[in-house]
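Note that the protein sequences, when read in sequence, are chains A and X.
If you read the first sequence in the working numbering, its first letter stands for residue 1, the second for the next number, and so on.
If you read the second sequence in the working numbering, its first letter stands for residue 1, the second for the next number, and so on.
Among these hints, one or two may not hold up.
To be verified - Taking lysine-lysine pairs in the DSS-like style, the calculated list, with each CA pair at most 27 Å apart, reads: (1) A:Lys34 x A:Lys159; (2) X:Lys28 x A:Lys56; (3) X:Lys13 x X:Lys37; (4) X:Lys59 x A:Lys247; (5) X:Lys13 x A:Lys75; (6) A:Lys34 x X:Lys153; (7) A:Lys174 x A:Lys159; (8) A:Lys34 x X:Lys70; (9) X:Lys153 x A:Lys56.
Simulated from the structure, these hints should not be mistaken for laboratory data.
If you want the building blocks of each chain, they are given just below.
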Amino acid sequence: MKGTQDHATLAEVFNRDEDRVDWHDGALWWIRQKRDRSANLTPQWEELREAASAIKSNVISNLHDYLLQFEENLKKNGVKVYWASDAEEHNQIIHKILSDKNINQMVKSKSMLTEECHLNEYLADRGIDVINSDLGEYIQQIDNEPPSHIVLPCIHKKKEEIGELFHEHLGTEKGLSDPTLLTRVARNHLRNVFMTRRAALTGVNFAVAETGEYVVCTNEGNADMGAHLCEVQIASMGLEKIIPERKHLGVFLRLLARSAIGQPITIYSSHFRKPRPGQEMHLILVDKGRS
Amino acid sequence: MSSRDSILAAVLKNQPPLTDLPDISGFKVPEEDVVEKYKNTFSGIGGLVYSAKNIEAIKNHIRENFDTEKRIVSTLPALSDVAEICSSSVEPQSFEDVELSIIEARLAVAENGAVWLTEEVMGHRIIPYISQHLAVVVYESRIVSTMHEAYAKIADEVYGFGGFIGGPSKTADIEQALVLGAHGPLSMTVYVIK
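Just chain X, same shape as in the assembly:
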């Protein structure tokens, strides 16, 4: 018998009687201003959050706060005068020198500050992880309260790769001292647009 068959046989033999899945539709959240909640949560976990009137305001913020001499990439055509529009058909290693990447979130979650990105909006899977700094554009209408609502929206989405990202990379492995910038970005900025 193959390992597969013997494992499956043992699993079947040892299964306890079937129990039901719980109803998880009852996790409600209090009425709240999700946009304010999102901003507070995200800044509370070491993220930088700015309310931007429009794309033009984001461009100005980027010019003032990031080193535009270095490589900036984006998947947003509207940012093409501050960023290179990235290609998904190149080797991931070619993004090693990216200083800043700018991506539009599909969703953002108020309870934990995380944004939901799929590989289509990333341009290339590696981009939001390898960049020295990450910036994400979040439309207010895309902010949900909890992860339950986030998954209700993601429910049937088809993607090869997707991820929640909830701040700059971090570690506290050395004596519990919080250090921002472990292997991923050193900072994460969210631009919230109406």
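Pulled out of the complex, with its shape left as it was, chain A reads as follows:
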């Protein structure tokens, strides 16, 4: 993978092209301005942030008990729970879940934790193919690069470059650069992926100790397409994703998308509590330096 070079080295190369740096700055400031506009339109914005911070402080100060409560509720809901100390253990757990079912293809929605654990490479080495379904991450994956931004994975790429990648990997005509047309191509291609994958993995935005449910937020709908079409649903989460009660989601969901991109809420905020009949649901709690 190209991304084996470190950030400083890659940034130095990127910074040589001044026009491109200006263009990239413009993109980031545009997002930042949208965030500020959205924050200013929300009454009691700073109080909301303070409340979120106080909830997280409480979580850290009582994490042991919340984790036990969350685990107990997950089990009651029919979810299988795993604990992983490090990346290796996390990846092994997922590999075992898949190989026990003879599954060699999985679709994945955005998960920074699985990036941190280098899950895709681990599974690829063992003959399991993973497709990233978030559009930005999908583009990065076919270009063999890791995401450059947690919300906007391919913010550094120009549309013409994406058109070139689609030409090479998906057989689209040369020179295609219209964002809507490129998105439609990916939609059609990935729909076939969703329809045929027996396993789907999602990240976790919030995990509610009180109820054992976990919430996954996307704008594209890719987490839901994967999760509801598969027979084996897997979620990977860092220990810090716990929140105490369902009502606390009100605070965090008001803040999340406004802070990230200036939207009032992500299009999809999905609350997974129990597997659907005939489906398996697995959740992995990952430490990897968090405890």
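We have chain A already, so just place chain X on it with the hints.
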């Protein structure tokens, strides 16, 4: 020691002194017309909103605005002459060809335009995500102002799966250009009924 036990032991050992949870009952909203606010917010984020007098008006709107030759599904018995009433006991893949699904929201939130749906009203978990177009029926009395009020109502609800949906699926991953219709529906229509 298992990973579980060693992680829990490390967490316990490193926990800072207990701090209290904040009181979140103080997030009030100004007096406002939540129905108007809802409509404005939802249309502002790329949703389509129509005020409908009754179910009959919704049927007419569907006939005029959607391709009724294609597959239309709903969980609302009152719509059975424009839609197939969907079954939850079939494989999710069988809904791949759904052009339009029509669902009744349990709640709608004025501050962000989102509707709250649980799997009971969806018919099948996949339906509102796999349909090419999504339509949701919202009764005015179910519109709340903020997410705090929404969760106050959802508080003890028991569901296997539930979700807020706040518009058509979208992405801006290619040069921040907003494109409606990423992996989920290309459009989302809300019918607001008195």
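Okay, the hints, checked on the actual structure:
Under the criterion of a C-alpha separation no larger than 27 Å, the hint pairing lysine 34 of chain A with lysine 159 of chain A is consistent with the structure, at around 21 Å. Distance restraint check for lysine 28 of chain X and lysine 56 of chain A: the Cα-Cα separation of roughly 22 Å lies within the 27 Å cut-off, and the hinted pair is therefore satisfied. Taken as a hint, the lysine 13 of chain X and lysine 37 of chain X pair is broken in the structure, with Cα atoms around 49 Å apart against an allowance of 27 Å. Under the criterion of a C-alpha separation no larger than 27 Å, the hint pairing lysine 59 of chain X with lysine 247 of chain A is inconsistent with the structure, at around 36 Å.
A threshold of 27 Å between alpha carbons decides the hint, and for lysine 13 of chain X with lysine 75 of chain A the separation of about 25 Å falls inside it, so the pair holds. Under the criterion of a C-alpha separation no larger than 27 Å, the hint pairing lysine 34 of chain A with lysine 153 of chain X is inconsistent with the structure, at around 30 Å. At roughly 12 Å between alpha-carbon atoms, lysine 174 of chain A and lysine 159 of chain A fall within 27 Å of each other, so this suggested pair holds. Distance hint between lysine 34 of chain A and lysine 70 of chain X is unfulfilled; the C-alpha atoms sit about 38 Å from each other, more than 27 Å.
For the proposed pair lysine 153 of chain X and lysine 56 of chain A, the alpha carbon gap of about 23 Å is at most 27 Å, so the pair holds.
The earlier numbered hints that this structure contradicts are 3, 4, 6, 8.
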